[in-house]
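Make a model of the complete structure from these sequences and hints.
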Amino acid sequence: MRYFFYNLDSKKNLLDNLIATKPDNYELIKWGWAPDVETARENKLTELGNPQIKGLPVIVYHRQPWREEYGDTFINKEQQWYGLSLCDEPDENWNWTWINAQIVDEVE
101 MRYFFYNLDS KKNLLDNLIA TKPDNYELIK WGWAPDVETA RENKLTELGN
151 PQIKGLPVIV YHRQPWREEY GDTFINKEQQ WYGLSLCDEP DENWNWTWIN
201 AQIVDEVE
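For the sequence shown, the numbering used here puts the final residue at 208, and the numbers step up evenly by one.
Since the hints were derived computationally from the structure, they do not count as laboratory data.
Accuracy of the hints is not assured; some may be wrong.
[To be verified] Below, a list of computed lysine to any residue pairs in the SDA-like style, where the Cα atoms sit at most 25 angstroms apart:
{"no.": "1", "residue 1": "Lys-177", "residue 2": "Arg-167"}
{"no.": "2", "residue 1": "Lys-130", "residue 2": "Arg-167"}
{"no.": "3", "residue 1": "Lys-177", "residue 2": "Ile-203"}
{"no.": "4", "residue 1": "Lys-130", "residue 2": "Trp-181"}
{"no.": "5", "residue 1": "Lys-112", "residue 2": "Lys-177"}
{"no.": "6", "residue 1": "Lys-177", "residue 2": "Lys-111"}
{"no.": "7", "residue 1": "Lys-154", "residue 2": "Leu-115"}
{"no.": "8", "residue 1": "Lys-130", "residue 2": "Leu-156"}
{"no.": "9", "residue 1": "Lys-144", "residue 2": "Ile-199"}
{"no.": "10", "residue 1": "Lys-112", "residue 2": "Asn-200"}
{"no.": "11", "residue 1": "Lys-130", "residue 2": "Asn-117"}
{"no.": "12", "residue 1": "Lys-111", "residue 2": "Glu-142"}
{"no.": "13", "residue 1": "Lys-154", "residue 2": "Asn-113"}
{"no.": "14", "residue 1": "Lys-177", "residue 2": "Asp-191"}
{"no.": "15", "residue 1": "Lys-177", "residue 2": "Glu-192"}
{"no.": "16", "residue 1": "Lys-144", "residue 2": "Tyr-170"}
{"no.": "17", "residue 1": "Lys-111", "residue 2": "Arg-167"}
{"no.": "18", "residue 1": "Lys-122", "residue 2": "Thr-197"}
{"no.": "19", "residue 1": "Lys-122", "residue 2": "Ala-134"}
{"no.": "20", "residue 1": "Lys-130", "residue 2": "Trp-166"}
{"no.": "21", "residue 1": "Lys-112", "residue 2": "Arg-102"}
{"no.": "22", "residue 1": "Lys-144", "residue 2": "Thr-173"}
{"no.": "23", "residue 1": "Lys-154", "residue 2": "Pro-165"}
{"no.": "24", "residue 1": "Lys-122", "residue 2": "Ile-199"}
{"no.": "25", "residue 1": "Lys-111", "residue 2": "Lys-130"}
{"no.": "26", "residue 1": "Lys-144", "residue 2": "Ser-110"}
{"no.": "27", "residue 1": "Lys-122", "residue 2": "Lys-177"}
{"no.": "28", "residue 1": "Lys-130", "residue 2": "Arg-141"}
{"no.": "29", "residue 1": "Lys-112", "residue 2": "Asn-193"}
[Stated by the list, open to error] Computed beta-carbon distance windows for the label pairs:
{"no.": "30", "residue 1": "Ala-134", "residue 2": "Asp-205", "range": "32 to 38 angstroms"}
{"no.": "31", "residue 1": "Arg-167", "residue 2": "Met-101", "range": "21 to 27 angstroms"}
{"no.": "32", "residue 1": "Glu-206", "residue 2": "Thr-121", "range": "17 to 23 angstroms"}
{"no.": "33", "residue 1": "Val-137", "residue 2": "Thr-173", "range": "35 to 41 angstroms"}
By construction, the Cβ of each residue, glycine as well, lies at the ideal position given by its N, Cα and C atoms.
Structure (structure tokens):
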């Protein structure tokens, strides 16, 4: 299962399309400050081990261990829930074809 955390204040026309065409293997999680929305979001984040979320909207999926390169430095990352943020992506990347192509090393 993959999770799509979103706030309706972000690029509403693009979000509406993603929500309307969401693949079956994604669960939608609203991000907001209404008590019921906040509780549901916090419960899901806790269940997933509080993955790092750099911005909304974000796709969260379970990723196998991997190695990140920073020049001559390597950092080994453990298997964990990983957030793929769309906030800095150009509008043309806000589609499921592009998003799914970015998901690598997923734990099924």
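Results of checking the hints against the structure:
no. : hint                                  : result
1   : Lys-177 - Arg-167                     : holds, 6 angstroms
2   : Lys-130 - Arg-167                     : violated, 31 angstroms
3   : Lys-177 - Ile-203                     : holds, 16 angstroms
4   : Lys-130 - Trp-181                     : holds, 18 angstroms
5   : Lys-112 - Lys-177                     : violated, 34 angstroms
6   : Lys-177 - Lys-111                     : violated, 32 angstroms
7   : Lys-154 - Leu-115                     : holds, 18 angstroms
8   : Lys-130 - Leu-156                     : holds, 10 angstroms
9   : Lys-144 - Ile-199                     : holds, 21 angstroms
10  : Lys-112 - Asn-200                     : holds, 20 angstroms
11  : Lys-130 - Asn-117                     : holds, 15 angstroms
12  : Lys-111 - Glu-142                     : holds, 23 angstroms
13  : Lys-154 - Asn-113                     : holds, 21 angstroms
14  : Lys-177 - Asp-191                     : violated, 29 angstroms
15  : Lys-177 - Glu-192                     : violated, 30 angstroms
16  : Lys-144 - Tyr-170                     : violated, 31 angstroms
17  : Lys-111 - Arg-167                     : violated, 32 angstroms
18  : Lys-122 - Thr-197                     : holds, 11 angstroms
19  : Lys-122 - Ala-134                     : holds, 24 angstroms
20  : Lys-130 - Trp-166                     : violated, 29 angstroms
21  : Lys-112 - Arg-102                     : holds, 21 angstroms
22  : Lys-144 - Thr-173                     : violated, 33 angstroms
23  : Lys-154 - Pro-165                     : holds, 20 angstroms
24  : Lys-122 - Ile-199                     : holds, 11 angstroms
25  : Lys-111 - Lys-130                     : holds, 14 angstroms
26  : Lys-144 - Ser-110                     : holds, 21 angstroms
27  : Lys-122 - Lys-177                     : violated, 29 angstroms
28  : Lys-130 - Arg-141                     : holds, 7 angstroms
29  : Lys-112 - Asn-193                     : holds, 15 angstroms
30  : Ala-134 - Asp-205: 32 to 38 angstroms : holds, 35 angstroms
31  : Arg-167 - Met-101: 21 to 27 angstroms : holds, 25 angstroms
32  : Glu-206 - Thr-121: 17 to 23 angstroms : holds, 20 angstroms
33  : Val-137 - Thr-173: 35 to 41 angstroms : holds, 40 angstroms
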